[in-house]
Structures are given as C-alpha cells and as structure tokens.
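2 protein chains.
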Amino acid sequence: MEVAMSHFARVDAYLQSHLDDSISELSRYCAQPSVSAQNWGLQETAEMTAEMLRQRGFEVKIFPTDGAPIVYGERKGRSPKTILFYNHYDVQPPEPLELWDTPPFEPAIRDGKLYARGVSDDKGHFTSRLFAIDALLAEEGELPCTVKFILEGEEETSSAHLAPFVRSHAELLKADACIWEFGGVDFRDVPMQYLGLRGICYVELSVETANQDMHSGLGGSIMPNAAWRLVWALNSLKGPDEAIRIRGFYDNVRKPTEREIALLEALPDPAEEYKTRYGVKSFLKGLTGGTPLKIAEVYEPTCTICGLTSGYQGPGSKTVQPAKASAKVDFRLVPYQTPEEVLEKLRAHLDAEGFGDVQITFLGGEAPALTDPDDPFVQLVVEAALEPYGQPMQIVPMVGGSGPNHVFIETLKVPVVTAGIGHPGSQAHAPNENIRLDLYLKGAMHIARILKAFGEN
Amino acid sequence: MEVAMSHFARVDAYLQSHLDDSISELSRYCAQPSVSAQNWGLQETAEMTAEMLRQRGFEVKIFPTDGAPIVYGERKGRSPKTILFYNHYDVQPPEPLELWDTPPFEPAIRDGKLYARGVSDDKGHFTSRLFAIDALLAEEGELPCTVKFILEGEEETSSAHLAPFVRSHAELLKADACIWEFGGVDFRDVPMQYLGLRGICYVELSVETANQDMHSGLGGSIMPNAAWRLVWALNSLKGPDEAIRIRGFYDNVRKPTEREIALLEALPDPAEEYKTRYGVKSFLKGLTGGTPLKIAEVYEPTCTICGLTSGYQGPGSKTVQPAKASAKVDFRLVPYQTPEEVLEKLRAHLDAEGFGDVQITFLGGEAPALTDPDDPFVQLVVEAALEPYGQPMQIVPMVGGSGPNHVFIETLKVPVVTAGIGHPGSQAHAPNENIRLDLYLKGAMHIARILKAFGEN
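Line by line, the protein sequences are chains A and B.
With the UniProt record's numbering as the guide, the letters of the first sequence map in order to residues 1 to 457.
With the UniProt record's numbering as the guide, the letters of the second sequence map in order to residues 1 to 457.
Note that these hints are calculated values from the structure, not bench results.
Don't be surprised by glycine CBs; every beta carbon is placed ideally from N, CA and C.
Errors might be hidden in some of the hints.
[To be verified] Derived lysine to aspartate or glutamate pairs resembling DMTMM-like cross-links, with alpha carbons at most 20 Å apart:
id, chain 1, residue 1, chain 2, residue 2
1, A, Lys285, B, Glu353
2, B, Lys285, A, Asp357
3, B, Lys413, B, Asp374
4, A, Lys285, B, Glu208
5, A, Lys255, A, Glu273
6, B, Lys324, A, Glu74
7, B, Lys174, B, Glu74
8, B, Lys275, A, Glu208
9, A, Lys318, B, Glu204
10, B, Lys324, A, Glu98
11, B, Lys281, A, Asp357
12, A, Lys285, B, Asp21
13, B, Lys76, B, Glu456
14, B, Lys61, B, Glu208
15, B, Lys285, A, Glu98
16, A, Lys413, A, Glu387
17, B, Lys281, A, Asp213
18, B, Lys76, B, Glu171
[Said to hold, decoys possible] Simulated coverage check for chain A against chain B, where a stretch passes if three residues somewhere in it have a Cβ under 8 Å from a Cβ of chain B:
id, segment
19, 7-15
20, 125-132
21, 224-230
22, 315-327
23, 419-433
24, 445-454
[Unchecked claim] Computed footprint of chain B on chain A; a stretch qualifies when at least three of its residues, placed anywhere within it, have a C-beta under 8 Å from a C-beta of chain B:
id, segment
25, 87-95
26, 195-202
27, 375-387
Could you put the whole structure together from the sequences, leaning on the hints where they help?
Written as structure tokens, this is what we have:
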C-alpha cells in the first residue's frame, strides 16, 4: 500500500504539473470543428486524432468508411491483458450560436472550466485518457497493460458504420474489458459507474401533400395540408397519457430486476435537481420523485419529438398552406427491444392508422445493452475511484442515453464500464458545453489507476 | 342607345390614345418602393398618391396613423350620388429577388405586360381608375357622380389602422356604393364579380415546458416535451375527418342560400385545374369536384396550420427534447362568425381540453362579409362589363380569401363590388408580378361606364 501510494503520488504529481499542457492540447483539438450532422471537418479531425495517438507510441490505422473514418490505435503493455477505450471525435452541431457566451470553436477558460463544443462530449474524455497514459509512460516507461483505442466520427449521428466495423474487426479489437466514452460525477460530486445504455431508433417522419405551398384562403377547406397530416400521424403514436400506441411496442420490454431496483434505490432522488435545472413544474404520469421516478427515467422506452418543421416560421403572419412537413422522432429502447423491430412496427402502425402517406427515414439506431454490476472489472473500476474522488464509484445500472455499447458487449464479450470527466452542468448537446478542470485531473488520475490495477491483477 | 354608344366611343378613343401616358404614370408609381412589411417608402408613396389625385382636381387629405398614412380624396360630380374606391399604395416585399426577370422596382414592358412589384396589387388598379376619370373629365369636363378614394398603406400587413379610421370617419366616407381594390378576369378571360370575402382569425399557438432544451435520453420518459404538447393541442382542434372540434365553432355558420348555390353552379369546375397546378391527388372529405367542391371551398370555415416550429430542424439527427414549440394557425371564417368569437372559443377549448399551458397570440383578424348579388349596384357593374369584355361579369358570391370589406359593408352600409385589371397569371405576392396591358385598358373602360351609369341612373 505504501509502495502503491508513493507510485501514484508521482503519477499524480506528473498530472498536476502537466495539466496546462493537456488542456492546451484539448483546446487545439476542440478548435477543430468535427460536426458529423453537418459533415464538417471529420477527415481533418480523424487525422489529428491519429497523430495524437502516434505521439504516445501507438500504432495507428485510419479505416475509411462510407461515412467518417474510424481511428484505431494500439500500444502493447507489460501485461498482455488488454483494455479497449471507445471514444468519438465528432461533436454535436453548435447551433443555436447566439446562446454561446464565447464561440463554440474558440475554446475559452472561465471560472475553472473550459468551454467549447465537444469539450465534454467527447474530446475531453479522449485527451484525459491520453493524459493518464502520458503520466504512466513518464513514470514507468511502459504501460501496465495493453491499451487499444477505437474512435469513430459518427457517434452524434447514430454510429452508422461502427457496428459492422466492430463485427468485421473483432480479432483486432479483442480485449478483456472496455472503457466507454463518457463518465463522471453526479450533482453531489460522487463518481458514478453508468453500466447500461438504452437503445435508440431515430427517424424522420415526412409528408408531402402538394407540389407547392398554396394560399391558405384557397386550400384550407378542400386540399390536404402536410402540417395537419403530420400532426395527426404523430398524435397516433402517443397520446397525452404518454402511452405509446404502436401495436406490440412494449412486447419485448424487460422489467428491471430486484438487484437493479436496489441499485436505483441507493441513488439520490433527482427530482428537485431536475425541477431546478430545467424549470420543470411537474413530471409526467403523476411521478413526483424517488424510486418510481428513477425506474421510469431509464427502464421505460420513449417516443420523443426532437423537432418539427413546416410552412412559415418567421415573425408575424403568412397565410400559407404548407405542402411539406416533417418531424424528427427519437425512440429510446430498453432491453430487449431493437431498432429494427421498432421501425417495422412503426411502419405497420402508420399504415394501419391511415398514414401510408407519411414517409419514414431511418436516421440511426442502437440496441440497448447491459453490463453485469457484479462483474469483477466493474468492481475494480469502482474501487479505483477511491483515491482521486475520496470514495468509490456508485453504480447506476442503466442510464437514459444510448450508444453502441451493445456491439462491444455482444461481439467482443467484454464488460463495458464508464470512467470519465463529466459533470451535470456540462451542457453536452447544448450551448456553453464545458468541463471542470478539477474533474479533468481526477478523471486522468482514475484512468491511470485502472490501467495499473488491471495490468497487475 | 345610339347616343350612349357614341359617347363611349369617344371615351374609349381617349383611353386607347392615352394608354401610354397612363402606363408611364403607373411605371413611375411602381418605381417608388412602398413595402409595408419592411416600412420602406410609405410616407413618400402616400404623398405621391395624394399628388396624383390632386392633379385630377380631387380635394386630398393625408391622415397620419400609428402606422402608414391614409390618403383620402374627393371630387364632386354632376350627381351627388357617390362611389367610394378602396385601394392601397403598399406592396408585398419583393423577395426572393433572384427570381425576378427584371428588378422589381424597375418597371419593364415585355410581351404586352408591365412587370413590377405592386403593378397588379394594387397600384395598377388605382391608376386604371384615375385613367377612367381622366377620360370622363376630358370628354365631359366633370364627373358623372361624386367620387371618393380611400387608400391605405398597410393592406399587405393586415390593415391595422383601417377599421378604426373608417369607423371614426364614417361621415367623410359616406357613399352609396364601394368598388374594391381588386378584380379582373378568370382563366377563360371572363370578367368576374367577386362579392364576398371570408373572415380570418390568425393566431400563434406556443408552449414552453422547460427553461432549456434537454437531452432526449434524459427527458423522454419523465419530463414534458413542448413539441408533444403542441401536437396534442393541435390535434384537439381538428381531426383527420376535418371537423373542427372547438366547442360552438360552427354555431354562427350560415349555410349558403339557394341563390348563392345557383351562382356557384354556373361557375366552371376548378377541380382539374387545382389538381394540375398543385399536384394534389385528391380533395378532402371525399370531394371530387363540381358544386359540392365549390361550396366547400368558400362556405366552410377552416382551421389551417400555416407553420410548425420546434427543436432541431437541420439535417440528420439531434437527440434533443424541445423546451419550446409553436404553430401558426389561420382560421377562415364564414358569415356570421367573427374573429373575436373564435379567439374566445379557442381559449375556452384549450383550457377545457387540458391545454392551459398553450399560449395564444392574436396576429390579426377580419370578419367575413357579403354583398347581396341582387343589389342593383352589383347588377349595374355586371352589365357595364358587356362592352369592354364582350360579356357581362360572372358573379362569384364568395371567395376564399379575406380582407377589410366588412368594415365598409357594416359601417358605411354600402354594397362592395370588384372591378379591376387582374388576371390569373398576375403573380401577385410572387416574383414577376405583372398586368396585361389589354386588360388594363378594358378595366379603365369598365370603370368609366360604371361611373357614368351610376351617375345617370
């Protein structure tokens, strides 16, 4: 223990004294836009990512796909045991630009935070891992275990090419455990171990009723209106009772286990924090907080309208009957639903309800997936948090978000854990995205300990 | 009859020989921008309008309002019987500029047409009336009846100051009949008498469920979504059967009379033209054409979504749960509905349906109004078309659009008729707005005959 402490004292000292260097590298990385939804800067960022890995002695390969390239890096360690990091170099669109206090691609430090689009999701996670590797290499000259990185550039647009890549490169990616792209503390500053992810099926519903918009004085009584068709089609999916009306939608929904519910019960009640942060007056379905809210939050599938577009949207009035209308709709899935199943049931539902004119464009999907909270690697990662954070991680068996963890869990047969630098105010996907520099440092300390403990056990 | 013919032969000869002068005056008038939506050139155009009236011996007054000035002109005639012309000197915005073949404020003649923003709507209508007056004054030295003009500068932005002005200046505007700002021929070149206008109540419905957008992985199961609230609120207004569900909405709807139905029956069937022009496959409510289609088109009130806005509307996917959503909604009203009544019933409906969170912003309204097709003045105007057009006007008892005709009908107790220079390809409100010079001449001939017949009967 004394030896271990003195060892980590040196690693921690390295991290503390080199924090500015790592933040500078992260700032340069964030200044390079990489907006997958807008196909902006992806190739450049893939090459930048590869170079950052090469500088740490990784063997790197950039794999082209029909979308953004996948970057792979590997460096052997003292132990052949292998940890695989999954990260992504793409970011969310920066809009609405007017709500940013400083420009999204001009990283700026204020009050102990670094602000930039992608700084938390996910560029800061990647560089904090490189930072931990820098410290281990500086102190030991080699890594305690073999480390692999896979970074994609399409995470924010549903990872279209990741799953086939992982399936066709299972040997290359072979590992004993996987550390996921994100992680961090909750509002109490307690480090959290997020184990399961919901799935997602993201579609655009669109309808076209004429070859041009028409004067609303002409069309209103006799000609079809695309906006109305869309509203009625959406209304057929879910009513104000929040029950999703697609036939068979709930057939494959697994209820949470007693162990999962016990883990949820141990977590703080998020009700007041949500109300304060989002200015929400009350929750859906009569929920008020506690375990029922926590269960509903992650163990229920959703049907969310993410966007609506039709006709005139400017100031004042324009008397037009729209020829086109569309909606972005996001279904979050729980075990054992699949996006393919939802797509099929959605089409059948719309046809059965008389909305054969509503087109479905599939914009991306992921299956839900779980890692066993009692897996030994989970326990190692949980315990490794003790020194940096002053306490072990608390396990969250499932979170509301989605990602391609199922591909790794099912194809590579690895546990997938989280360990990262996020905090509840990080504004991921929103203006003024940021990281806290203190948590950036702690996150790197945690990763260094995980690699060391894993290599030596 | 011989005398009358010879009289109009001289008037017609004057019009034919002075057409170029009138078109030159119209061109100068159109070269002066007067875009009410952009508050561009309104004062200058009001003064130009006043000067054009003064040159014909009218006593003119410019009334300032909180918006654009109202121009009033009056010239006594042989008979004290009075015709009031309603016109407007403002025009639609010229955008999109790149679609104009020649610049919108540089009038150009091509293929027997004059092109310019506002040339049809409504500047050419005004000058063609002045042109008829020029001919009568040249031939007779005085007008056969008293003529009044009222021109506003806010017609294209909902005539905010017209109704209160008319109500507070009823004595000044006192007349026996009113000729409306527009008119013209249909696609067969048959002159049309458009008698009634539907009313309108234009609102924006908006809902806000949180103080910011949230990640859709977080909010979907437990927190309210503004886009869903809006969809459900809209769906409560009208279902796929097209029946408007607002309680009492149809209470004051007057069915068309047998006379009105007979007038509609005499009109050509618009079904095929609509299908071709708009690419519409079928009509609503099982309508296929003929009189039922013509009745539904104008004698049924509507609830039209003119625009929808919420959340992410760009390319690809963004996993966001919107905090705000809004819709532009246009109700077309039929006698005896009123915009005030609809606003009140809409609020009561939303509250009763559980949508107290949906805000209503009133963006403008007009009551519907009718002129009796058997009014003697209507018959006079219809018959006066015989010589210029080779046939009398065909009466359309009601059209789908809206305007402030109700203010004149109700306040001044006058019949309101149309007589004008428009044609179906005039591109009013669109690029390459134009008039046909042959119809400009016929329109002036028609107006001269109306004034003469009215003064002498």
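Okay, the hints, checked on the actual structure:
1. For a cut-off of 20 Å, the pair hint linking Lys285(A) to Glu353(B) stands: about 17 Å separates their Cα positions.
2. Restraint check for Lys285(B) and Asp357(A): the C-alpha separation of about 16 Å stays at or below 20 Å, so the hint holds.
3. Restraint check for Lys413(B) and Asp374(B): the C-alpha separation of about 15 Å stays at or below 20 Å, so the hint holds.
4. Taking the CA atoms of Lys285(A) and Glu208(B), the gap is about 18 Å. The hint holds against a cut of 20 Å.
5. A distance of roughly 26 Å separates the Cα atoms of Lys255(A) and Glu273(A); the hinted pair therefore is violated under the 20 Å criterion.
6. Proposed proximity of Lys324(B) and Glu74(A) is contradicted: the alpha carbons are some 45 Å apart, above 20 Å.
7. Simply put, Lys174(B) and Glu74(B) have alpha-carbon atoms about 11 Å apart, close enough for the 20 Å limit, and the pair holds.
8. Distance check on the hinted pair: Lys275(B) and Glu208(A) sit about 14 Å apart at the alpha-carbon level, within 20 Å; holds.
9. Using a Cα cut-off of 20 Å, the hinted pair Lys318(A) and Glu204(B) holds, with the two alpha carbons roughly 11 Å apart.
10. Distance check on the hinted pair: Lys324(B) and Glu98(A) sit about 16 Å apart at the alpha-carbon level, within 20 Å; holds.
11. Simply put, Lys281(B) and Asp357(A) have alpha-carbon atoms about 12 Å apart, close enough for the 20 Å limit, and the pair holds.
12. With a C-alpha separation of about 73 Å, the suggested pairing of Lys285(A) with Asp21(B) is violated against the 20 Å cut-off.
13. For the proposed pair Lys76(B) and Glu456(B), the alpha carbon gap of about 14 Å is at most 20 Å, so the pair holds.
14. For the hint pairing Lys61(B) with Glu208(B), the CA-to-CA distance comes to about 47 Å; that exceeds 20 Å, so the pair is violated.
15. Between the alpha carbons of Lys285(B) and Glu98(A) the distance comes to roughly 45 Å, so the proposed pair goes past 20 Å and is violated.
16. Using a Cα cut-off of 20 Å, the hinted pair Lys413(A) and Glu387(A) is violated, with the two alpha carbons roughly 29 Å apart.
17. For the suggested pair Lys281(B) and Asp213(A), the alpha carbons sit about 15 Å apart, so the restraint of at most 20 Å is met.
18. At most 20 Å may separate the alpha-carbon atoms for a hinted pair to count; Lys76(B) and Glu171(B) meet this at roughly 15 Å.
19. Counting residues of the segment 7-15 of chain A whose CB lies closer than 8 Å to any CB of chain B gives 0, so the stated coverage by that chain is violated, three being the minimum.
20. Only residues whose beta carbon comes within less than 8 Å of a beta carbon in chain B count, and the segment 125-132 of chain A has 0; fewer than three means the coverage is violated.
21. Here's how the segment 224-230 of chain A fares: 5 of its residues keep a CB closer than 8 Å to some CB of chain B, so the rule of at least three is met and the hint holds.
22. Counting residues of the segment 315-327 of chain A whose beta carbon lies closer than 8 Å to any beta carbon of chain B gives 10, which meets the minimum of three for the stated coverage.
23. Here the segment 419-433 of chain A counts 3 residues with a CB under 8 Å from a CB of chain B, which clears the bar of 3, and the coverage holds.
24. With 0 residues bearing a CB less than 8 Å from a CB of chain B, the segment 445-454 of chain A misses the requirement of three and the coverage assertion fails.
25. Coverage of the segment 87-95 of chain A by chain B holds in this model, with 3 residues showing a Cβ closer than 8 Å to a Cβ of that chain against a need of three.
26. Taking a C-beta to C-beta cut-off of 8 Å, the segment 195-202 of chain A contributes 3 residues in contact with chain B, enough for the three needed, and the coverage statement holds.
27. Counting residues of the segment 375-387 of chain A whose beta carbon lies closer than 8 Å to any beta carbon of chain B gives 0, which falls short of the minimum of three for the stated coverage.
In this structure, the earlier hints numbered 5, 6, 12, 14, 15, 16, 19, 20, 24, 27 are contradicted, and the remaining ones agree with it.
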